[in-house]
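So you can see what is in the structure, the chains are spelled out below.
2 protein chains.
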Amino acid sequence: MKRSVGHVPGLAVVLVGDRRDSESYVRYKVKGCEEVGIKSLLAKLPGNCSEDEVMDSVSRFNEDPSVHGILVQLPLPEFMDEERILSTISLEKDVDGFHPLNVGNLALRSRNPLFVPCAAKACIELLLQSGIELMGKHVAVIGRSKVVGLPTSLLLQRHHATVSVIHAFTTNPEAITRESDIVISAAGVANLVRGSWLKQGAVVIDVGTNPIEDPTSDYGYRLTGDVCFEEAVNVASAITPVPGGVGPVTIAMLLGNTLDSAKRVYGQSD
Amino acid sequence: MKRSVGHVPGLAVVLVGDRRDSESYVRYKVKGCEEVGIKSLLAKLPGNCSEDEVMDSVSRFNEDPSVHGILVQLPLPEFMDEERILSTISLEKDVDGFHPLNVGNLALRSRNPLFVPCAAKACIELLLQSGIELMGKHVAVIGRSKVVGLPTSLLLQRHHATVSVIHAFTTNPEAITRESDIVISAAGVANLVRGSWLKQGAVVIDVGTNPIEDPTSDYGYRLTGDVCFEEAVNVASAITPVPGGVGPVTIAMLLGNTLDSAKRVYGQSD
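Residue numbers (the working numbering), protein chains in the order written: chain A, 1 to 270; chain B, 1001 to 1270.
Derived list of chain B stretches under chain A, where covered just means 3 residues or more per stretch with a C-beta under 8 Å from a C-beta of chain A: (1) 1107-1113; (2) 1141-1150; (3) 1154-1160.
Everything labelled a hint here was simulated from the structure, so no lab data went into it.
In this text, a Cβ means the ideal position worked out from N, Cα and C, and glycines have one as well.
Generate coordinates for the entire structure from the input sequences, incorporating the hints supplied.
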């Protein structure tokens, strides 16, 4: 893009506090930017800063014409009003796709959101790239967060899948997953989905990244998914591992959203 | 409200063309307004008017301070851009709740929409008023229109139900409905849901209003639901009839949305 129009896309990341998992996610995002030639800007704020300081950071990036995407790494410290802060992000730079107008336009099939949340896009991309048909398939989505579960269920419906959304109040989740052709889990519960939860030949996308203690690791912990991989691999026809499955594709989608945003600004959109 | 704050809530309806079903729905809405003391305004435009004329009508109601709710009766004539026209309605007067920002705020459980679509609210109201617990219940929603299916599935999730959305591409709809505690049908297909589709004791909400020819009726047709009532009534523990079930409650919700809107304007909101 730099060569063709003389501009470089820019992604700004706001990181508050020093959660190790958030820091490592941000590291991956910044590294991804470097690899593809997207400029990255990082605003790192202490965990005890005020809500207004976070909003000021976002506002500066809103006004910076070299920034085409802004993301606030979640979760924010408990005392902060996440919705209020996220609302500050300009709709045109909302590369995470969490703005309610983007969510509404994702839900309404006759409209198109400016951005689709990256993890949801990653799940669909993995399925489509693997040649898995979505139309008419029964998909169980486990979890209903605005980051993964909700947008994934909405995006699947745009592809004409039949979606069941399972969550903490679901009385018999395994009965629903066992009837499903595809299971996408983003519950944040390690080893929630057992082999017995799956229909023979089901396709499994594991979006869970649950840190569990591991003294043999350099960091003292390792990431594990929502799915009991060792059991599921014997039943599923295809399954994504954790780490290494959805994560890297999610970062690719974030870079793609940032590029799309820059293209819109410079009148290069497809 | 007139007595307490000296103002009357106002609802404006835009009706384009002369579809008999639309005309009768509008008649019910206007009658509902009269019964509860809401002022109603009707803009009736010929089916061959231009899109701009419809938008002008909406704009006039947007600017009229005596109007607190605006609805454009759907469907519009085929040649019109429905999304474009609906987008003209001021967010604060969108009593049908179809604006993407209202839909996004309905989908995001941490936010609150200004208005929830009336038929979706009516379904939930009927269930709650009948003492039917929603939390943890498996609900099959048949149909995914922005008018009923989509907002109903989102509203059910706010009440912590487990929702499966069935639509025209679903390969085996009856397998899902048979596992469901509650079935809400808004497919627009007469007698789609048979008795054999239901679990013993299921609760059935029939939102379908399908005109079928009936020479014995004054109008030459009568309305029938999506559910084969004669069969379903033997299996279900509770069922709504068509006509007379969800319809009148939907109108009550519309009047309620209009009243809420007026209260917001006059600083009387709860």
